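Enquirer: Take the sequences, apply the hints, and build the full model.
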Amino acid sequence: MVESIAPSPALLAANRRLLQLRAERQEAGDTRLAARPFTANGGQETAAAAALPAHLGWDSPAVTAVLRGENRQQAAENRQQATENGQQTADPRQQTVLDGLPPKSAIPHPKSEIPHPTSDWVKLYPDIGLGMLRAEQAAAGRLWLLCRYLDEPGRGALRIDILREQLAAKSSPLRVCTWRQLRNLLRRGEGVFWQRARGRLWLRAAARVAHALGVPRLTGRPVALPLAALLGTIGEVRAHLYAAFHSGREKERAAGADAAPIARETLAALSGVSASSQRAYEARVGVRVRRNYAVGERVVEGRGADEGVKGCSGVGVKGSGGAGVMWEERVWER
Numbered sequence: 013m014v015e016s017i018a019p020s021p022a023l024l025a026a027n028r029r030l031l032q033l034r035a036e037r038q039e040a041g042d043t044r045l046a047a048r049p050f051t052a053n054g055g056q057e058t059a060a061a062a063a064l065p066a067h068l069g070w071d072s073p074a075v076t077a078v079l080r081g082e083n084r085q086q087a088a089e090n091r092q093q094a095t096e097n098g099q100q101t102a103d104p105r106q107q108t109v110l111d112g113l114p115p116k117s118a119i120p121h122p123k124s125e126i127p128h129p130t131s132d133w134v135k136l137y138p139d140i141g142l143g144m145l146r147a148e149q150a151a152a153g154r155l156w157l158l159c160r161y162l163d164e165p166g167r168g169a170l171r172i173d174i175l176r177e178q179l180a181a182k183s184s185p186l187r188v189c190t191w192r193q194l195r196n197l198l199r200r201g202e203g204v205f206w207q208r209a210r211g212r213l214w215l216r217a218a219a220r221v222a223h224a225l226g227v228p229r230l231t232g233r234p235v236a237l238p239l240a241a242l243l244g245t246i247g248e249v250r251a252h253l254y255a256a257f258h259s260g261r262e263k264e265r266a267a268g269a270d271a272a273p274i275a276r277e278t279l280a281a282l283s284g285v286s287a288s289s290q291r292a293y294e295a296r297v298g299v300r301v302r303r304n305y306a307v308g309e310r311v312v313e314g315r316g317a318d319e320g321v322k323g324c325s326g327v328g329v330k331g332s333g334g335a336g337v338m339w340e341e342r343v344w345e346r
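Just remember that the numbering used here sits 12 ahead of the position in the sequence shown, which is counted from 1.
To be clear, the hints were calculated from the coordinates, so they are not data collected in a lab.
Please read all numbers here as calculations on a predicted model, not as lab measurements.
Errors might be hidden in some of the hints.
[To be verified] Quick list of simulated restraints, FRET-style, between CB atoms:
1) 89 / 36: 33 to 39 Å
2) 82 / 185: 46 to 52 Å
3) 17 / 38: 26 to 32 Å
4) 203 / 89: 53 to 59 Å
All C-beta atoms, glycine included, are put in the ideal place defined by N, C-alpha and C.
Expert: Now the structure itself:
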């Protein structure tokens, strides 16, 4: 059996007194707020203040008063800022709306992660381009160069979903592959050109990419590879990577830009591209070949030749009758 405990008469009297005092204070607070309403621009109350109720719940006049006070202070700051900027509002209703708005400094301006590059070229180190050809990583290398193009601010990371929209969507002007091909390229270039984590592609710097491709050092000048050179077929991309090496070797001379002669065997060792493929790349991108012939003192041992070559860095072409050796060197011009 549960016994009920009845409150004592003194406790009941104290509760009635407490309720009476609470009601009197609430009525007194509402009277003070009603007697001193805040107005702006000819007696018009601000929109935010007018939208507030008389109170926000049981025994909350104090909270309501604080909110109204903050609104009045914000409205005064907005009017002062508008006056300093020379802004005038003729319509009182527009001024009422202005008073209820937060200052411009308080309005957030989120930065979009969607890239909008402004240039039309990509920086490429020619030795890295040859390393891509030698390692048969031209497709993944193109993707790395396009990622660096999209990452114009230099954050070093791109969201993979945005990368899909930029490079795999049919409506994108930068589309170079399908989404399936893009996934395969991301797997193939992992650890060489980038790392993937938390839905982002973290790009590796040029020095780390060169090391991963087996390039001991970067020689020659970096070249500005046109964006259009990366948007064609993969054969065109390989041809431009090959031609970029010759562009990086050019030096300004009195007679104009020129490059030192280099043999096709040397190019084959540097790039892994055979002589026939070199000629095909040159024809595709318009590289002009200039032949140089060097004839020097005897260097052929045991042949008794009167003519030979100084600095045998070219392709050997034997002369008639074995009387001597004539060497052919080539200079490439873009």
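Enquirer: Which numbered conditions among the earlier hints are violated in the structure presented, ordered from lowest to highest?
Expert: When the structure is compared with the hints, none of them turns out to be violated.
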